[in-house]
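Peer 1: Spelled out from the first residue to the last, the chains are:
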Amino acid sequence: MHDRTVNQRIQDFSEVSTGMTATDAKAEAERCLQCKKPLCVTGCPVTIDIPAFIREVAAGDFRKAAAIIKEQNMLPAICGRVCPQEVQCEGVCILGKKANPIAIGELERFVADEERTHGMMMPQKKVSTGRRVAVVGAGPAGLTASAELARMGYHVTLFESLHAAGGVLMYGIPSFRLPKEIVKAEIDAVLTLGVDLKLNHLVGRSVTVNELLNYDAVFLGTGAGLPYFMGLPGENLPGVYSANEFLTRVNLMHADRFPVYDTPVKRGSRVVVAGGGNVAMDAARVARRLGGRVTLVYRRREEDLPARIAEVEHAKEEGIEFVMCANPVRILGDQAITGVECSRMSMCELDASGRPEPKEIDGENFTIDADVFIAAIGQGPNPLLIGEIPELTRGKRGNVIIDENGHTSMRKVFAGGDVATGAATVILAMGAAKTAAHAIDRMLREE
Amino acid sequence: MKILYRIEKSQSLADKVHQLWVNAPHVAHHAQAGQFVIFRIDEKGERIPLTISAVDGDSIRVIFMTIGKTTTHLARLSAGDHIQDIAGPLGKPSEIVKSGTCVLVGGGVGTASLPIIARAAKSAGNRVIGIVGARNADLLILEDEMRDACDELQISTDDGSKGFHGFAADLLKQTMAREKVDCVWIIGPAIMMKVTAEATRTAGIKTYVSLNPIMVDGTGMCGSCRVIVDGETRFACVDGPEFDAHKVDFNTLMQRIRMYQPEEKESLEKFQSHACACKGGEHHA
Ligand SMILES: Cc1cc2nc3c(=O)[nH]c(=O)nc-3n(C[C@H](O)[C@H](O)[C@H](O)COP(=O)(O)OP(=O)(O)OC[C@H]3O[C@@H](n4cnc5c(N)ncnc54)[C@H](O)[C@@H]3O)c2cc1C
Ligand SMILES: Cc1cc2nc3c(=O)[nH]c(=O)nc-3n(C[C@H](O)[C@H](O)[C@H](O)COP(=O)(O)OP(=O)(O)OC[C@H]3O[C@@H](n4cnc5c(N)ncnc54)[C@H](O)[C@@H]3O)c2cc1C
Ligand code: SF4
Ligand code: SF4
Ligand code: FES
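Taken in sequence, the protein lines are chains Z and R.
So the first sequence is numbered by our numbering: it starts at 1 and just counts up by one.
So the second sequence is numbered by our numbering: it starts at 1 and just counts up by one.
Don't take each hint at face value.
[As the list claims (entries may be wrong)] In silico DSS-like links for lysine-lysine, alpha-carbon gap of 30 Å or less: (1) K92(R) - K198(Z); (2) K396(Z) - K162(R); (3) K122(R) - K92(R); (4) K122(R) - K173(R); (5) K184(Z) - K44(R); (6) K44(R) - K396(Z); (7) K36(Z) - K97(Z); (8) K198(Z) - K9(R); (9) K44(R) - K180(Z); (10) K98(R) - K247(R); (11) K194(R) - K122(R); (12) K270(R) - K16(R); (13) K180(R) - K162(R); (14) K247(R) - K44(R); (15) K180(Z) - K270(R); (16) K64(Z) - K198(Z); (17) K98(R) - K180(R); (18) K180(Z) - K98(Z); (19) K9(R) - K173(R); (20) K180(R) - K122(R); (21) K98(Z) - K412(Z); (22) K247(R) - K270(R); (23) K162(R) - K92(R); (24) K92(R) - K412(Z); (25) K198(Z) - K184(Z); (26) K92(R) - K9(R); (27) K270(R) - K198(Z).
[Unchecked claim] Partner residues are not named here, just some residues of chain Z that face chain R (Cβ under 7 Å, in silico): (28) H163; (29) N200; (30) N244; (31) P264.
In short, the hints are calculated from the structure, not lab data.
This one's a predicted model, so the numbers in the text were calculated from it and none came from an experiment.
By construction, the Cβ of each residue, glycine as well, lies at the ideal position given by its N, Cα and C atoms.
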């Protein structure tokens with residue numbers, strides 16, 4: 001709604017959107033019809049009482065608004081920024097039928113930012129149950145499960161293999177969309193509940209499966225961090241990255257500030273990104289900020305781009321060139337990448353997802369010069385730990401199979417988030433974790 | 001609130017070769033032969049992989065060559081200093097089975113990985129022959145420890161200043177001519193592993209190498225460490241680091257290892273011009 005100018009923002013990694021002022025927020029909140037049967041709530045995977053919090057915003061009681069949101073969502077400053085609102089809460093808001101839906105995401109973000117700057121509220125905690133639960137992975141799923149369980153009086157040990165908690169929120173989503181201070185503040189709020197965070201612990205290696213299964217219950221939130229490559233000739237040439245690697249080098253390791261920070265990254269002058277989701281948009285916009293001329297190649301049509309609409313618009317404003325209906329077929333170069341050969345795609349019959357299936361058109365290949373290529377074509381569930389627990393039933397794509405309560409095929413073991421669904425969204429991961437936490441509570445109370 | 005990992009002992013072993021003992025119970029209690037750790041010295045540091053070379057109680061030992069910014073900085077730290085992050089143990093343990101006679105060949109600092117493998121191979125019931133190669137006698141490391149861990153130890157130097165005058169590969173060939181060899185580990189610089197592994201190829205002896213591609217997370221999440229083994233892309237940090245020597249595409253590995261040479265040079269020069277001699281890195285801003 002309030003974005004910094006393009007010329008300003010492509011020079012740095014500060015947040016693109018500056019958010020709402022209190023006056024804006026109240027004015028927007030007053031537009032809400034306070035529906036008796038609010039559709040917006042049905043669009044929110046964690047069923048926040050949206051009209052109730054908006055009512056408080058309109059009344060100017062931002063703290064109360066925050067408290068209402070936090071009953072359902074521990075990480076509102078994050079969700080307000082990264083939820084695909086257009087297909088969730090805002091997508092079904094009744095006002096959207098005629099004009100603009102209420103900017104629910106922006107309001108949520110505003111309320112959370114207000115709370116953070118004025119001191120976070122501590123949630124209520126129940127007395128200790130004396131039971132121990134292990135949570136694996138400190139992404140949105142693991143953090144949410146930990147917070148819920150800690151509030152219900154469980155002693156939670158949260159294992160994270162990286163040196164920072166946050167999962168994709170820290171290493172994947174760039175700070176110009178999600179400032180890292182905000183992620184850290186929301187993580188700290190979870191930790192103040194008494195969650196014991198153990199960084200640098202790769203479960204399956206630093207902690208054995210047997211040690212893990214010694215806890216009274218286990219929640220797996222290990223995400224979908226396994227990057228897919230395209231299997232192209234030349235894919236291992238220097239200068240060819242997975243989006244995960246490129247983004248991790250910059251977001252987690254701060255390669256944009258090399259050599260002040262020690263981790264380098266190739267600053268391409270001519271960058272090609274393959275893919276059309278949020279990950280591809282993020283990689284393209286990071287490469288743009290590192291000074292490159294960036295082309296995004298996607299095999300389907302523009303209307304099929306799975307990224308959030310706001311990200312596509314921002315990417316375009318920032319000068320990223322979009323080449324649709326094209327697919328890389330070969331990386332060119334001898335000692336390092338020099339270009340990317342692409343084929344044109346035609347849109348044929350509808351495929352299983354109901355979209356036209358892209359098919360290569362023979363003889364229409366073209367080449368884009370490039371010194372950096374980033375594959376952002378998707379990720380699979382991280383196989384390391386779940387591969388070491390043969391008793392876990394897994395789906396075709398390597399995902400852990402869970403029931404509606406987040407229960408896996410093993411009695412004490414629950415899972416949620418990307419490890420169960422494949423690469424999805426922050427709020428779905430959080431919703432699943434919450435469901436699983438309550439199922440764990442029920443199981444342990446019945447024991 | 002954050003745990004830091006305390007350096008118990010810091011010592012130079014040879015020119016540009018350094019060892020650190022660091023307190024890291026979560027690694028020490030689970031480490032097995034062939035695994036590695038990832039160090040990040042401080043907030044601005046890079047994540048670098050180092051092989052776990054020995055374990056004692058809550059502590060692990062790493063031995064490294066000072067070649068760039070991070071290893072130079074590490075070598076300047078002393079007992080009582082701290083490392084901010086140590087992740088591990090990472091990677092798959094060495095595939096050790098009872099197979100008869102195992103020959104372990106170390107080149108340069110690669111020798112650091114051998115004692116722990118030697119002990120594991122021996123306790124699995126193998127006869128273990130160590131071959132340690134270095135450019136010259138001054139660069140030989142862990143001789144006593146290897147002598148203790150192996151049934152037999154052979155030494156080679158490129159200049160003949162100690163032991164056999166020539167390459168470790170020559171000693172391996174001599175050993176193979178002399179007796180039946182059932183499995184071989186070769187650990188050292190990529191080019192040394194590539195050349196030495198040829199010695200066992202035609203004889204069809206099971207041979208392992210430990211690959212050292214550039215890594216970031218070390219948990220299978222980024223693909224920086226991808227290597228080609230048997231025509232397939234594998235992630236060395238989770239599928240390795242040890243692989244069948246005869247199936248590794250060493251040329252791709254060597255090309256990828258050189259990827260950041262200009263940046264590494266810049267980083268080291270900056271470090272050396274900014275850091276005061278006593279405490280590395282504290283002044284780099
Ligand atoms: C670049 C990018 C942009 C995105 N943009 C958006 C967006 O705008 N909106 C949106 O809703 N979603 C977005 N997503 C998707 C969203 O981030 C994920 O769906 C969400 O993070 C999944 O949460 P999770 O907790 O399941 O997994 P993750 O966030 O992946 O966290 C898993 C954590 O587990 C750790 N771990 C894994 N294995 C182990 C182990 N064995 N031991 C210990 N720790 C382990 C990992 O290190 C990681 O920290 C984006 C994803 C990416 C990559
Ligand atoms: C599994 C594994 C185990 C290893 N064990 C040892 C060991 O026991 N002793 C030892 O001396 N070395 C070991 N290495 C190599 C060691 O990681 C590099 O020497 C170190 O990263 C160099 O860092 P630097 O900043 O000092 O040098 P830089 O100037 O950054 O790099 C010098 C060279 O080191 C390599 N390198 C740089 N960054 C990385 C990185 N993040 N990951 C891997 N290699 C890199 C590159 O080939 C580069 O050209 C191991 C590597 C791997 C993958
Ligand atoms: S959590 Fe996401 S879907 Fe739910 S109200 Fe907030 S922005 Fe909308
Ligand atoms: S559907 Fe729209 S107008 Fe109705 S309560 Fe929800 S936000 Fe307000
Ligand atoms: S180092 Fe990232 S996948 Fe191996």
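Peer 1: Does each hint fit the structure? Answer for all of them.
Peer 2: Do the hints match the structure? See the list:
1. The hinted pair formed by K92(R) and K198(Z) meets the criterion: a straight-line CA distance of about 22 Å does not exceed 30 Å.
2. Proximity of K396(Z) to K162(R) is assessed by CA-CA distance (about 57 Å); at most 30 Å being required, the pair is judged violated.
3. For the hint linking K122(R) to K92(R), the alpha-carbon distance of about 19 Å falls within 30 Å, and the restraint holds.
4. In summary, the hint linking K122(R) to K173(R) is supported, as the alpha carbons are separated by about 22 Å, within the 30 Å threshold.
5. For the proposed pair K184(Z) and K44(R), the alpha carbon gap of about 17 Å is at most 30 Å, so the pair holds.
6. About 40 Å separates the Cα atoms of K44(R) and K396(Z), which puts this hinted pair outside 30 Å; it is violated.
7. A hinted pair counts as satisfied when its Cα atoms are at most 30 Å apart, and K36(Z) with K97(Z) qualifies at roughly 17 Å.
8. At most 30 Å may separate the alpha-carbon atoms for a hinted pair to count; K198(Z) and K9(R) meet this at roughly 25 Å.
9. Only pairs whose Cα atoms come within 30 Å are accepted, and K44(R) paired with K180(Z) is accepted, the gap being roughly 15 Å.
10. The hinted pair formed by K98(R) and K247(R) meets the criterion: a straight-line CA distance of about 22 Å does not exceed 30 Å.
11. For the proposed pair K194(R) and K122(R), the alpha carbon gap of about 26 Å is at most 30 Å, so the pair holds.
12. The hinted pair formed by K270(R) and K16(R) meets the criterion: a straight-line CA distance of about 19 Å does not exceed 30 Å.
13. At most 30 Å may separate the alpha-carbon atoms for a hinted pair to count; K180(R) and K162(R) meet this at roughly 26 Å.
14. Taking the CA atoms of K247(R) and K44(R), the gap is about 37 Å. The hint is violated against a cut of 30 Å.
15. For the hint linking K180(Z) to K270(R), the alpha-carbon distance of about 27 Å falls within 30 Å, and the restraint holds.
16. Using a Cα cut-off of 30 Å, the hinted pair K64(Z) and K198(Z) is violated, with the two alpha carbons roughly 33 Å apart.
17. Under the criterion of a C-alpha separation no larger than 30 Å, the hint pairing K98(R) with K180(R) is consistent with the structure, at around 14 Å.
18. Annotation: proposed proximity of K180(Z) to K98(Z) is violated, straight-line Cα distance about 37 Å (limit 30 Å).
19. A C-alpha spacing of about 38 Å is found between K9(R) and K173(R), which places the hinted pair above 30 Å, so the restraint is violated.
20. At roughly 17 Å between alpha-carbon atoms, K180(R) and K122(R) fall within 30 Å of each other, so this suggested pair holds.
21. Straight-line distance between C-alpha atoms of K98(Z) and K412(Z) comes to about 49 Å, which puts the hinted pair past the 30 Å bound.
22. Simply put, K247(R) and K270(R) have alpha-carbon atoms about 39 Å apart, too far for the 30 Å limit, and the pair is violated.
23. In summary, the hint linking K162(R) to K92(R) is not supported, as the alpha carbons are separated by about 34 Å, beyond the 30 Å threshold.
24. Taking the CA atoms of K92(R) and K412(Z), the gap is near 27 Å; set against the 30 Å cutoff, the hint holds.
25. Restraint check for K198(Z) and K184(Z): satisfied, since their Cα atoms lie roughly 15 Å apart, inside the 30 Å limit.
26. Pair hint K92(R) plus K9(R) holds up; C-alpha atoms about 27 Å apart against a cutoff of 30 Å.
27. In summary, the hint linking K270(R) to K198(Z) is not supported, as the alpha carbons are separated by about 33 Å, beyond the 30 Å threshold.
28. Hint on H163(Z) holds. Least Cβ distance to chain R is approximately 4 Å, under the 7 Å limit.
29. Look at N200(Z): its Cβ gets to within about 4 Å of chain R, closer than 7 Å, so that hint holds up.
30. A cut of 7 Å between beta carbons decides the hint on N244(Z): the least distance to chain R is about 5 Å, and the hint holds.
31. For P264(Z), the interface hint holds, since its Cβ comes within 7 Å of a Cβ in chain R; the closest pair sits about 4 Å apart.
When the structure is compared with the earlier hints, violations turn up for hints 2, 6, 14, 16, 18, 19, 21, 22, 23, 27 and for no others.
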